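Undergrad: Order-wise, the sequence lines are chains L and E. Counting in our numbering, the first sequence runs from 1 upward without gaps. Counting in our numbering, the second sequence runs from 431 upward without gaps.
I should point out that these hints are in silico values taken from the structure, not numbers from a laboratory. Remember, it's a predicted structure, so these values are computed and weren't measured experimentally. For glycine and all other residues, C-beta sits at the position ideal for the given N, C-alpha and C. Be careful, since some hints might not be right.
Only part of the chain L face toward chain E is listed, based on derived beta-carbon distances under 7 Å [as the list claims (entries may be wrong)]:
| no. | residue |
| --- | --- |
| 1 | 103 |
| 2 | 109 |
| 3 | 138 |
Non-contacting residues of chain L with respect to chain E, defined by C-beta distances greater than 12 Å in every case (computed) [claimed, not checked]:
| no. | residue |
| --- | --- |
| 4 | 21 |
| 5 | 144 |
| 6 | 156 |
| 7 | 167 |
| 8 | 279 |
| 9 | 380 |
Covered stretches of chain E (chain L as the covering partner; in silico rule of three or more C-beta atoms under 8 Å from a C-beta of chain L) [what the hints assert, rightly or not]:
| no. | stretch |
| --- | --- |
| 10 | 467-476 |
| 11 | 549-556 |
| 12 | 708-714 |
Take a look at the letters that make up each chain.
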Amino acid sequence: MARQSEERVPVIQVTGLKKKYKLGQIGGGTLTADLQSWWARVRGKEDPNLVIGTDTRLFGTTFMALNGIDLTVYQGEALGIIGRNGAGKSTFLKVLSRITAPTEGEIRLKGRVASMLEVGTGFNNEMTGRENIYMNGAILGMTKAEVDAKIDQIIEFSECGEFIDTPVKRYSSGMFVKLAFAVAAHLDSEIMVMDEVLAVGDMKFQQKCLGKMSDVAGQEGRTVLYVSHNMSTIRQLCTRCIVLDKGKLIYDGDVETAIAIYMDTTDVNVTHYDLRNVGRQVPSAGHRLFVEELRFVGKESSVFADNEPIVIQITWKANERFDGVNMKMNLHYRDGSAVGITHPVNLGAAEPGKTYRTQFSFDPGLLGEGQYFFYLDVFEKSLTSPICLDKPNVEFHFEVTGTDLTMPEWPTGWGRIHFPPVKLLESEAE
Amino acid sequence: MANNQNESWTTIIRPRTGWFDIDLHELWQYRDLIWMFVKRNFTVLYKQTILGPAWVLLNPLITTIIFNVIFTGIANIPTDGVPSFLFYMAGNTVWTLFANCINNTANTFVANAGVMGKVYFPRLTVPISQVLTALLNFAIQLVMFLCFWVFFAVTDPGSVHFTIWLLYLPVLLLEVLMLGLGVGIIVSSLTTKYRDLAIAVGFGVQLWMYATPVVYPMSQLAESPRMAVLVSLNPMTHLVEAARMALLGSGTISVWGLVYSAVCTLVLLAVGVILFSRIEKTFMDTV
Chain L
1 MARQSEERVP VIQVTGLKKK YKLGQIGGGT LTADLQSWWA RVRGKEDPNL VIGTDTRLFG
61 TTFMALNGID LTVYQGEALG IIGRNGAGKS TFLKVLSRIT APTEGEIRLK GRVASMLEVG
121 TGFNNEMTGR ENIYMNGAIL GMTKAEVDAK IDQIIEFSEC GEFIDTPVKR YSSGMFVKLA
181 FAVAAHLDSE IMVMDEVLAV GDMKFQQKCL GKMSDVAGQE GRTVLYVSHN MSTIRQLCTR
241 CIVLDKGKLI YDGDVETAIA IYMDTTDVNV THYDLRNVGR QVPSAGHRLF VEELRFVGKE
301 SSVFADNEPI VIQITWKANE RFDGVNMKMN LHYRDGSAVG ITHPVNLGAA EPGKTYRTQF
361 SFDPGLLGEG QYFFYLDVFE KSLTSPICLD KPNVEFHFEV TGTDLTMPEW PTGWGRIHFP
421 PVKLLESEAE
Chain E
431 MANNQNESWT TIIRPRTGWF DIDLHELWQY RDLIWMFVKR NFTVLYKQTI LGPAWVLLNP
491 LITTIIFNVI FTGIANIPTD GVPSFLFYMA GNTVWTLFAN CINNTANTFV ANAGVMGKVY
551 FPRLTVPISQ VLTALLNFAI QLVMFLCFWV FFAVTDPGSV HFTIWLLYLP VLLLEVLMLG
611 LGVGIIVSSL TTKYRDLAIA VGFGVQLWMY ATPVVYPMSQ LAESPRMAVL VSLNPMTHLV
671 EAARMALLGS GTISVWGLVY SAVCTLVLLA VGVILFSRIE KTFMDTV
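Sequences are here, hints too, so could you generate the full structure?
TA: The following block contains the structure:
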């Protein structure tokens, strides 16, 4: 069945979608408390239920979680949705899967939507795996006959065959997730909505899920909407990608550009730092030698693939004669935890009153995916301890993205360094 | 061709509009889910209990015995010449159906916020399944009642007899279900904002029973017309009396009372559904 590109059938059409949330307290207390507050407001008295110190100016102000989204999604597309936290991704999925209604605008859909905003929605611990398949299927909109037709496929995909008649409260969390994904993936819905469900389960199963979803979109002609912070799964699965920022759609198009734009919306869009008017970490720093400027060379954002060298240029001025000026970088993860320091590098000798422009490169290949910053430390070697020459009190931010798809997503608790592969010395049969 | 495609949208998601926004066709498509919920409600209720489903029968049986002891044995309230045991059991069985409908639907949104926050299905399936669960319980209790009915009819011939009102019983039960559903979903809609209503409802239903001729016959109020009028304002009064008339051949029935009950039922159900349809689309933002 050959599909022609001009025969693209729109299955989701979003026009002017807005969702407004009220900030501050929205009732939710008791009826008497609400009546009390109302009565106090009527008499012009202070609300007795207001938390002391609350800024009443904020009361009743609103927040646009979605601020005018227009989008058309075509049949068979695997659309990635990315954006920073609070950009409106989850709200968009919630409105799309009809969990909450929009404030303005509308969405037109062709076909059923199966949303997996969480795995195992509606699973009941007391019921067996088989019963839960029927229950979950029914919640996701399947009839009993449809589940009947697919139950063998579902059980096989879930890899839970021998435990299928055991109550799911005895399942491991991995099995639970596998079963839940299996149900959703085998739904006959034309549109599938997923919110980072693949962040769970073991690597092998994650790859299986990604493969299944690619099939669902590519071969079965269904439409997949996928939200994730994991750029490598977005790369692997999606054929098109949109970027949300502050409730607006800021990019719609190919995946690589979208990821680049998403990176720009994070903290790493500064590539040039003017250091002439910033403080120094050590009082003595910046007198004998002064670093005026730092820039990431040849980049519009300081986002680097882990196989791409980070090229940095500093401009510095010497106020006296140096035989050798040394420089090192103190690396931190974005939460401030120390990652390590680079080996000092000698920038060479310097004449007083001269300004130097120095480029150096740093290989981020050992760093796991994530956002980092470094402090620049310029010092003079001495017989005893090094003497600090300049150390601007500025965090220079950059981000490293993983390119190796065989590497799992970088979890917390692994540190930040991934070492080169161990060397295999010998391996032979006994 | 392109125009044809534009016409074939199956779902349109819009802001909350209008006062009635429930898709009954969709509700029908989800009938399997309703049935799954009923099964779940019934099995989960009696999981990890010693006596299991026997509670469905023990509950009304014990209640009937206690009513018998207190209201006939101690307070000596007459029961229209019908064996008091059957009198209380009939009233209690019908009342339990109503009370279960309200109590179980009242916490629809709060109890299911977890599931409803993650996946869409017609929200009305939950209260409807609760009402059907209550009906299932009622059916089992009715069988027990009929056993006792046969026992009394054999041992004490002439004490009880069915009347032509028996034909009206299905309509009565439907009314009880609709009234319970209506009141229940009104409460459930309001509890998304005011949690204390959930506490009030259990107590309120208990009080409501005493305003309904469950433990006393309507005929007892003949001497105090003011009380009779007050009790007649309760739509359940006429339904319970009519049910007893159908099953036992005793009761006070007025056509106006039945019409009044039917009107009340329809109004409350309509208000409930409208309120529910207004709340269901945005309750996740407030709950």
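Undergrad: Give a verdict on every hint.
TA: Hints, one by one, checked against the model:
no.: 1; hint: 103; result: 6 Å, holds
no.: 2; hint: 109; result: 4 Å, holds
no.: 3; hint: 138; result: 4 Å, holds
no.: 4; hint: 21; result: 7 Å, violated
no.: 5; hint: 144; result: 5 Å, violated
no.: 6; hint: 156; result: 23 Å, holds
no.: 7; hint: 167; result: 10 Å, violated
no.: 8; hint: 279; result: 45 Å, holds
no.: 9; hint: 380; result: 60 Å, holds
no.: 10; hint: 467-476; result: holds (count 3)
no.: 11; hint: 549-556; result: holds (count 3)
no.: 12; hint: 708-714; result: holds (count 3)
Comparing the model with each earlier hint shows violations of hints 4, 5 and 7; every other hint is respected.
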